[in-house]
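As they're listed, the protein sequences go chains A and B.
Residue numbering for the first sequence follows the working numbering, starting at 70 and increasing by one per position.
Residue numbering for the second sequence follows the working numbering, starting at 439 and increasing by one per position.
Hints listed in this document are in silico derivations from the structure and should not be mistaken for laboratory results.
Some hints could be false.
[Said to hold, decoys possible] Each computed DSS-like pair below joins lysine-lysine, with the alpha-carbon atoms no more than 27 Å apart: (1) B/Lys679 with A/Lys241; (2) B/Lys581 with B/Lys679; (3) A/Lys289 with A/Lys73; (4) A/Lys127 with A/Lys138; (5) B/Lys443 with B/Lys527; (6) B/Lys607 with B/Lys581; (7) B/Lys684 with A/Lys241; (8) B/Lys527 with A/Lys241; (9) A/Lys73 with A/Lys138.
[Stated by the list, open to error] Simulated DEER-style distance windows between Cβ atoms: (10) B/Ala585 with A/Ala224: 25 to 33 Å; (11) A/His96 with B/Ala585: 13 to 21 Å; (12) B/Gly496 with A/Leu198: 41 to 49 Å; (13) A/Gly170 with B/Ile705: 53 to 61 Å; (14) B/Pro600 with A/Phe202: 23 to 31 Å; (15) A/Pro260 with B/Arg711: 25 to 33 Å; (16) A/Val223 with B/Gly496: 17 to 25 Å; (17) A/Asn124 with B/Ile646: 26 to 34 Å; (18) A/Leu221 with B/Gly496: 29 to 37 Å; (19) B/Ile646 with A/Trp92: 40 to 48 Å; (20) B/Val471 with A/Ala218: 31 to 39 Å; (21) A/Gly122 with B/Val561: 32 to 40 Å.
[To be verified] Pulled from the structure, derived: some chain B residues nowhere near chain A, Cβ distances all over 12 Å: (22) Gly450; (23) Pro481; (24) Ile637.
Every residue, glycine too, gets a C-beta built ideally from N, C-alpha and C.
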Amino acid sequence: MFWKTQIPVAIVFVVGMLTLVQWFIPHRPFDQLQVHMTQWFDIIAVFAVILGGLNLLKLQFSKIINRKKDWQYAIVTLVGFAVMFSYGFFRIGVPGEIVMGDHLQAENSHFRWMFFNIFTPLSATMFALLAFFVASASYRAFRIRNTEATLLLVAGMILMLGRVPLGALLTKNLPSFMQLQNIQEWIYLWPNVAGARAIMIGIGLGMVATSLRFILGIEKSFLGGDE
Amino acid sequence: MANDKSFLERLGDLDRRWVFIIIGLSVFIPLLVPLGLEVVTTPTTVDVFNAIDSLPAGTRVLISFEYGPSTQPEVEPMGVALLHHLFRKDCRVIATALWPDGQFMSARLFELFEAEYDLEWGVDYVNLGFRPGAEAVIKGIAKEFRANYRTDLRGNLVEDLPIMDGIYKVADVDFIFTLSAGYPGTVEWILYAADPYNIPMSSGVTAIQVNEVIPYVDAGQCYGILAGMSGAAEYETLVKKGDATKFMDAQSIAHFLIVLFIILGNISYIVGRRRQRSA
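From just these sequences and the hints, can you work out the full model?
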């Protein structure tokens with residue numbers, strides 16, 4: 070209990086308080102705390118990559134072993150992971166004497182070739198498919214069921230047309246305040262900013278409250294389990 | 439029952455594959471046969487242009503690349519136009535990335551400019567590459583740039599690079615520009631670098647991110663914003679260089695068709711609802 074609960078809570082309290090205090094005392098040694106702590110964070114973040122990799126392997130292997138739905142895709146994932154990892158980490162297919170790190174970007178390296186000729190088009194394709202699903206969803210799901218939905222829909226349509234040259238062309242002979250590009254700019258800068266600010270303030274207050282709960286040991290979900 | 443439906447009602451049941459085909463063609467045809475629609479600039483784009491245009495020669499601009507292959511078609515045209523604008527004005531560029539993909543994006547982009555502007559690595563530009571840690575990296579370089587970036591992407595020590603002379607913390611750069619497609623990105627640079635240290639900043643973001651960033655633009659914490667591909671096309675029009683403008687024809691037609699789909703879908707919905715009520 071002591072090692073599993075009280076020590077982690079104490080560490081969070083000390084680190085949390087120090088991080089908080091350094092914002093209010095911009096003098097030594099507190100002003101240096103931020104430098105050191107952000108470097109610690111960077112180092113810990115690197116280890117997260119290892120955890121992420123291990124987690125991917127565990128999930129995909131379990132999918133294959135248990136013959137879960139679409140388990141064949143897990144083989145593709147694992148092969149892709151192994152190939153990119155090997156070529157990147159063991160410097161396979163790197164021309165000449167190129168330092169570690171730079172070898173990923175070297176003009177004729179195999180890693181670079183795979184990144185730009187396999188990963189890039191695949192990612193772009195996945196993202197581009199969104200256009201088709203948005204179009205299909207807009208046809209089937211965007212319904213004017215009530216006043217709020219109607220407002221949202223009309224604003225969305227104005228923005229969609231106002232952001233593209235065709236919108237400007239369609240309304241160029243109308244008075245300035247009726248031109249789509251001006252209406253969309255007004256929506257962006259007034260109702261949208263008002264709503265976005267309200268959400269941001271809400272999120273900010275929520276973050277303060279949650280952070281305090283962590284620092285003071287009220288919130289212990291980061292410990293995992295039933296703590 | 440289905441046969442009792444009117445034409446307008448049946449319109450709502452259109453097979454989604456027809457929608458896919460129509461959208462596919464609407465994007466594909468204008469790319470092959472450009473319509474040449476005129477791009478109209480918006481004030482937020484003009485603000486970005488004016489901010490960059492007012493930079494004197496030799497200004498050191500930190501550009502952070504926070505996008506990857508999936509958002510490359512939307513964000514990269516902004517980067518192309520921006521780098522043309524900066525290098526044409528003899529500004530110097532320091533590139534960073536908070537996304538692992540970002541350093542690939544930036545490296546590829548610089549290759550396009552090296553020959554055209556006769557750029558020298560470490561003097562006219564440098565690519566410092568990716569660092570993990572999201573906003574912690576920004577907070578780190580806000581205090582000690584070289585503690586977070588000891589070497590550049592080619593393994594050179596940062597302290598040996600002429601472009602980095604006198605840059606010990608982020609406040610020592612003259613301008614920040616972020617090419618951002620999400621978290622970490624523009625908002626984090628504003629919160630942890632530009633605003634606390636009064637560094638002028640501007641940004642180009644994906645269209646979906648504009649809602650998140652526009653309050654900072656409105657408050658003057660970010661000089662304008664390039665909003666999605668249309669923002670890139672507008673900026674290109676001002677810089678007179680780049681490729682995004684030709685994509686705007688395809689986007690125009692696709693947006694127009696989606697709006698048309700929404701209208702037709704709703705007409706079908708209203709007609710169906712009226713019939714149900716009257717039945």
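Each hint tested on the structure:
1. B/Lys679 with A/Lys241: OK: lysine 679 of chain B and lysine 241 of chain A at ~25 Å, within 27 Å.
2. B/Lys581 with B/Lys679: The given pair, whose Cα atoms are some 37 Å apart, is violated under the 27 Å limit.
3. A/Lys289 with A/Lys73: Holds: lysine 289 of chain A and lysine 73 of chain A sit about 11 Å apart, inside 27 Å.
4. A/Lys127 with A/Lys138: holds, 16 Å
5. B/Lys443 with B/Lys527: violated, 64 Å
6. B/Lys607 with B/Lys581: Since the Cα atoms of lysine 607 of chain B and lysine 581 of chain B sit roughly 5 Å apart, the hinted pair holds (cutoff 27 Å).
7. B/Lys684 with A/Lys241: holds, 20 Å
8. B/Lys527 with A/Lys241: violated, 34 Å
9. A/Lys73 with A/Lys138: With Cα atoms ~37 Å apart, lysine 73 of chain A and lysine 138 of chain A exceed 27 Å; violated.
10. B/Ala585 with A/Ala224: 25 to 33 Å: violated, 46 Å
11. A/His96 with B/Ala585: 13 to 21 Å: Distance hint for histidine 96 of chain A, alanine 585 of chain B holds at roughly 19 Å.
12. B/Gly496 with A/Leu198: 41 to 49 Å: With a Cβ separation near 45 Å, glycine 496 of chain B and leucine 198 of chain A satisfy 41 to 49 Å, so the hint holds.
13. A/Gly170 with B/Ile705: 53 to 61 Å: Since the Cβ atoms of glycine 170 of chain A and isoleucine 705 of chain B sit about 58 Å apart, the hinted range of 53 to 61 Å holds.
14. B/Pro600 with A/Phe202: 23 to 31 Å: For proline 600 of chain B and phenylalanine 202 of chain A the Cβ distance comes to about 49 Å; the hint is violated.
15. A/Pro260 with B/Arg711: 25 to 33 Å: holds, 28 Å
16. A/Val223 with B/Gly496: 17 to 25 Å: violated, 49 Å
17. A/Asn124 with B/Ile646: 26 to 34 Å: holds, 28 Å
18. A/Leu221 with B/Gly496: 29 to 37 Å: violated, 48 Å
19. B/Ile646 with A/Trp92: 40 to 48 Å: Violated, at about 31 Å.
20. B/Val471 with A/Ala218: 31 to 39 Å: holds, 37 Å
21. A/Gly122 with B/Val561: 32 to 40 Å: holds, 38 Å
22. Gly450: violated, 8 Å
23. Pro481: For proline 481 of chain B, whose nearest Cβ neighbour in chain A is about 7 Å away, the distance does not exceed 12 Å, so it is violated.
24. Ile637: holds, 17 Å
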